[in-house]
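*Asks:* Fit chains B and C to the supplied structure of chain A, relying on the hints for placement.
Chains as they are written, first to last, in this note's numbering: chain A, 1 to 191; chain B, 1 to 163; chain C, 1 to 361.
Source of the hints: derived by calculation from the structure; they are not laboratory data. Keep in mind it's a predicted model, so treat the numbers as computed, not measured. Heads up, some of the hints might be wrong.
[As the list claims (entries may be wrong)] Below 25 angstroms or equal to it, Euclidean Cα-Cα: the simulated DSS-like pairs (lysine-lysine) are:
#1 A:Lys7 with C:Lys339
#2 C:Lys69 with B:Lys161
#3 A:Lys160 with A:Lys112
#4 A:Lys65 with A:Lys185
#5 C:Lys69 with C:Lys79
#6 A:Lys148 with A:Lys160
[Unchecked claim] To give an idea of the chain B side of the interface with chain C (calculated C-beta under 10 angstroms), a few residues:
#7 Ala41
#8 Ile43
#9 Met74
[What the hints assert, rightly or not] So these bits of chain C aren't anywhere near chain A, every CB distance computed over 12 angstroms:
#10 Ile3
#11 Thr8
#12 Ile63
#13 Ile205
#14 Leu212
#15 Phe278
#16 Ile308
For each residue, glycine too, the CB sits at the ideal point set by N, CA and C.
Below, each chain spelled out in residue letters.
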Amino acid sequence: MKIVGHKLSFLENIYLFEIVRGLVITTRHFFYNMFFHIAHLLGYQQDVEAAVTIQYPEQTIPVSKRWRGVHRINTRPDGSPRCVACMLCETVCPVQCIHIVAEEHPDPAIEKYPVSFEVDVTRCCWCGMCEEACPVDAIYMDSGKIPKAGYSRQDLVYDKETLTKEVPLPGYQRSLNPPGAGAPKVNPMGL
Amino acid sequence: MELIQFYIVAAITISSAVSVIMQGRVMYSILSLIVTLLSVAWIYAILNASFLAVVQVILYAGAIVVLFVFAVMMLRYEEIEPQRMRTGLIGCLGLLVALFFIFELILSSATGPFVEEATLSADFGSIKSVGAILYTQYLVPLELASILLLVAVVGAALFSKRG
Amino acid sequence: MFIDVAITLLKIAFVFGLVLNIAGILGWAERKQSAVMQDRIGANRADILGLRLFGLFHPIADIVKVITKEDWIPPGGDKFLHTLAPFLALFTALAVFAVIPFGDTLHIAGRDIPLVIADLNVGILFVIAFGSLGIYSVVLAGWSSDNKYSLLGSMRAAAQVISYELALALSVVGVIMAYGSVELDDIARAQGQYVLGIIPYWGVIAQPLGFLIFFAAAMAETKRTPFDLPECESEIIGYFTEYSGFKFLAFWMGEFIEVIAVAGVVTTLYFGGWQVPFIDSQGFFVPGLFTIPLPHLLVVVIQVTAFILKVCFFCWFMLLVRWTLPRFRYDQLMGFGWKFLLPLAFLNVILSGVIFMSFEG
Numbered sequence: 001m002k003i004v005g006h007k008l009s010f011l012e013n014i015y016l017f018e019i020v021r022g023l024v025i026t027t028r029h030f031f032y033n034m035f036f037h038i039a040h041l042l043g044y045q046q047d048v049e050a051a052v053t054i055q056y057p058e059q060t061i062p063v064s065k066r067w068r069g070v071h072r073i074n075t076r077p078d079g080s081p082r083c084v085a086c087m088l089c090e091t092v093c094p095v096q097c098i099h100i101v102a103e104e105h106p107d108p109a110i111e112k113y114p115v116s117f118e119v120d121v122t123r124c125c126w127c128g129m130c131e132e133a134c135p136v137d138a139i140y141m142d143s144g145k146i147p148k149a150g151y152s153r154q155d156l157v158y159d160k161e162t163l164t165k166e167v168p169l170p171g172y173q174r175s176l177n178p179p180g181a182g183a184p185k186v187n188p189m190g191l
Numbered sequence: 001m002e003l004i005q006f007y008i009v010a011a012i013t014i015s016s017a018v019s020v021i022m023q024g025r026v027m028y029s030i031l032s033l034i035v036t037l038l039s040v041a042w043i044y045a046i047l048n049a050s051f052l053a054v055v056q057v058i059l060y061a062g063a064i065v066v067l068f069v070f071a072v073m074m075l076r077y078e079e080i081e082p083q084r085m086r087t088g089l090i091g092c093l094g095l096l097v098a099l100f101f102i103f104e105l106i107l108s109s110a111t112g113p114f115v116e117e118a119t120l121s122a123d124f125g126s127i128k129s130v131g132a133i134l135y136t137q138y139l140v141p142l143e144l145a146s147i148l149l150l151v152a153v154v155g156a157a158l159f160s161k162r163g
Numbered sequence: 001m002f003i004d005v006a007i008t009l010l011k012i013a014f015v016f017g018l019v020l021n022i023a024g025i026l027g028w029a030e031r032k033q034s035a036v037m038q039d040r041i042g043a044n045r046a047d048i049l050g051l052r053l054f055g056l057f058h059p060i061a062d063i064v065k066v067i068t069k070e071d072w073i074p075p076g077g078d079k080f081l082h083t084l085a086p087f088l089a090l091f092t093a094l095a096v097f098a099v100i101p102f103g104d105t106l107h108i109a110g111r112d113i114p115l116v117i118a119d120l121n122v123g124i125l126f127v128i129a130f131g132s133l134g135i136y137s138v139v140l141a142g143w144s145s146d147n148k149y150s151l152l153g154s155m156r157a158a159a160q161v162i163s164y165e166l167a168l169a170l171s172v173v174g175v176i177m178a179y180g181s182v183e184l185d186d187i188a189r190a191q192g193q194y195v196l197g198i199i200p201y202w203g204v205i206a207q208p209l210g211f212l213i214f215f216a217a218a219m220a221e222t223k224r225t226p227f228d229l230p231e232c233e234s235e236i237i238g239y240f241t242e243y244s245g246f247k248f249l250a251f252w253m254g255e256f257i258e259v260i261a262v263a264g265v266v267t268t269l270y271f272g273g274w275q276v277p278f279i280d281s282q283g284f285f286v287p288g289l290f291t292i293p294l295p296h297l298l299v300v301v302i303q304v305t306a307f308i309l310k311v312c313f314f315c316w317f318m319l320l321v322r323w324t325l326p327r328f329r330y331d332q333l334m335g336f337g338w339k340f341l342l343p344l345a346f347l348n349v350i351l352s353g354v355i356f357m358s359f360e361g
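With the rest of the complex left out, here is chain A (with noise of 0.2 angstroms):
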């Protein structure tokens, strides 16, 4: 092991003067953030930050265009899921966090629909897989959320109602069809 040392001048030795140096350090972002504090409580000086904080819940960093967020489930234009239940994303989510119940759908073209189609995304780890593997333009992650916190693990299963209702970020919209558009039949053999 090699120990680099810094060998200290008489002044650092002292100690005293370094502390000088940081109090003024300190003092400086003091007095330049209370006077900015100050000044947009009186309203003035908006445009320069006082504090590189983000208060979350009611302010959001903006994301990349990539960002993956909470799930959304794409819909037909009869605001039916455009989900087929073919399973894959379910097989391909590393973290098992997709649960699908798949049951037969009247119309014989579709064959299959989800009944129930829940995103644990206490489990969730965000890779974007399932958005890789779905066949119907069914699943995405582009709503841009951030999942909100919650009292129980239940109020973090996401079903497939609030998936429904998820819609993609303004511009940052990842599928082809937008929600209630695109094909009124969908199936992994007929796009």
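*Replies:* Chains B and C only, in chain A's frame:
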């Protein structure tokens, strides 16, 4: 008024002093010692020797007894269980010393010089008067005591270097 | 007789009300000030009916939280001493304020009221005495907790407080030499003189080195961050590891009260106490030129306000230091106390003795 105060403080002093030797647990014993020292300081304060009172608190209660506490904290709990009163030679010796002190106390309180009405100078017990006496009348004992302390300090430094 | 008692009670109510309120606000100030220094916003979420008021409700929320918590005593610990320790911490910290003068003598309705609770003729020694008694709360807290980390913390605390007390007491000697008195009231009064007619003869002018030593040692006595080895907030090996609920609050408040006490003593010894430059009992004056007479009551109010502002400034400054400097290592702490501060304090005593003698002669 002062007399009532004195009796109260004296009662506290004596009872806490008894408690120092009668306590089974060492920590409580030390706490009683602190109470004793503080009430002795209070007696000094009643006697207008406020400087002495404060020095008593700073030196004894604030510094010396803290070292006792330090030592007790270093000990393991089993080692400070209460011991039975020793009999035999040491006990006899202790009794002898105690009797001697009681005898002396009775003798001095029976014959000692008493002043009915003492008049104090205005700065009695103040730092100035205590300092003036210490550095004129009792200069030699003071210097000897400080040399003793210096030797102790040097000795402690020497031991820590060797150890 | 009755009025005297009433006046004393009023003074006690004023001083302790002020101190306890500042201590409560310091809990808020510490969070907010550290946040502003670090470009953050700080605690601002506690609200009453949507009113946030810069997070000023956080101390209230803290107290509600702390009071409703379980008050737990370690089964292997000593119940009596465990309960006694936090009260000792509060008591020794609060007792210091009894001798700190917060204003000039008030002449009202034919009475002379000295604005200090107890005008003891031992003054600053009383402060040092109670500062040294403060160790017991720490030591008892650590010992009675039946926890080796608490014990370790309290041992460190005791060693630290004893070590820095020497430098603290010795640095005060310089002030006593400069003003020829140990009474805090006399010291504050003597700081109303002027050097060369214009510079106020404050302790920091007479004793610049002594001020630095005193301030460093007093910071160590409060056991806050550059010297916070007894607590070690980040590693939690402190003497109050085993405390919860209201007793923990007592330690917490005791720490803030110590900060205010140090600020008060520093103000009184080194920054003129209640003196405001160029304002005395006659009124506002420019030395050698003119005097604008002010009513006595106004002067006293100005002086008391000045004292409180100075104390608040030093509280602010100590928070600044606490959020700027990293902690000492233990051997550095002891080395700094014994090998640097103590010899410096001795040097200060000798130097100021020589200087004052030569000025007098």
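*Asks:* Work down the list of hints and note, for each, if the structure agrees.
*Replies:* Each hint tested on the structure:
Pair hint Lys7 of chain A plus Lys339 of chain C holds up; C-alpha atoms about 21 angstroms apart against a cutoff of 25 angstroms. With a C-alpha separation of about 49 angstroms, the suggested pairing of Lys69 of chain C with Lys161 of chain B is violated against the 25 angstroms cut-off. Note on Lys160 of chain A and Lys112 of chain A: the hinted pairing holds, with a Cα-Cα distance of about 15 angstroms set against a maximum of 25 angstroms. At roughly 29 angstroms between alpha-carbon atoms, Lys65 of chain A and Lys185 of chain A are farther apart than 25 angstroms, so this suggested pair is violated.
The hinted pair formed by Lys69 of chain C and Lys79 of chain C meets the criterion: a straight-line CA distance of about 18 angstroms does not exceed 25 angstroms. For the suggested pair Lys148 of chain A and Lys160 of chain A, the alpha carbons sit about 17 angstroms apart, so the restraint of at most 25 angstroms is met. The interface hint given for Ala41 of chain B holds, since its Cβ lies 9 angstroms from the closest Cβ of chain C, which is under the 10 angstroms cut-off. Because the beta carbon of Ile43 of chain B sits about 15 angstroms from the nearest beta carbon in chain C, more than 10 angstroms, this interface hint is broken.
Given hint, Met74 of chain B at the interface with chain C, holds; its Cβ is 8 angstroms from that chain's nearest Cβ, closer than 10 angstroms. Every Cβ of chain A is farther than 12 angstroms from the Cβ of Ile3 of chain C; the closest lies at roughly 45 angstroms, confirming the non-interface assignment. At roughly 39 angstroms from the closest C-beta of chain A, the C-beta of Thr8 of chain C stays outside 12 angstroms, upholding its exclusion from the interface. Once the 12 angstroms rule is applied to beta carbons, Ile63 of chain C is consistent with being away from chain A; the minimum gap is 25 angstroms.
Remark: the non-interface label on Ile205 of chain C is consistent with the geometry, its nearest Cβ contact in chain A lying 19 angstroms away (cut-off 12 angstroms). Taking the minimum C-beta to C-beta distance to chain A, about 8 angstroms, the non-interface status of Leu212 of chain C is violated against the 12 angstroms cut. Distance to chain A confirms Phe278 of chain C as a non-interface residue, since its nearest Cβ pair spans about 26 angstroms, more than 12 angstroms. Interface exclusion of Ile308 of chain C from chain A stands, the closest Cβ pair being 20 angstroms apart, more than 12 angstroms.
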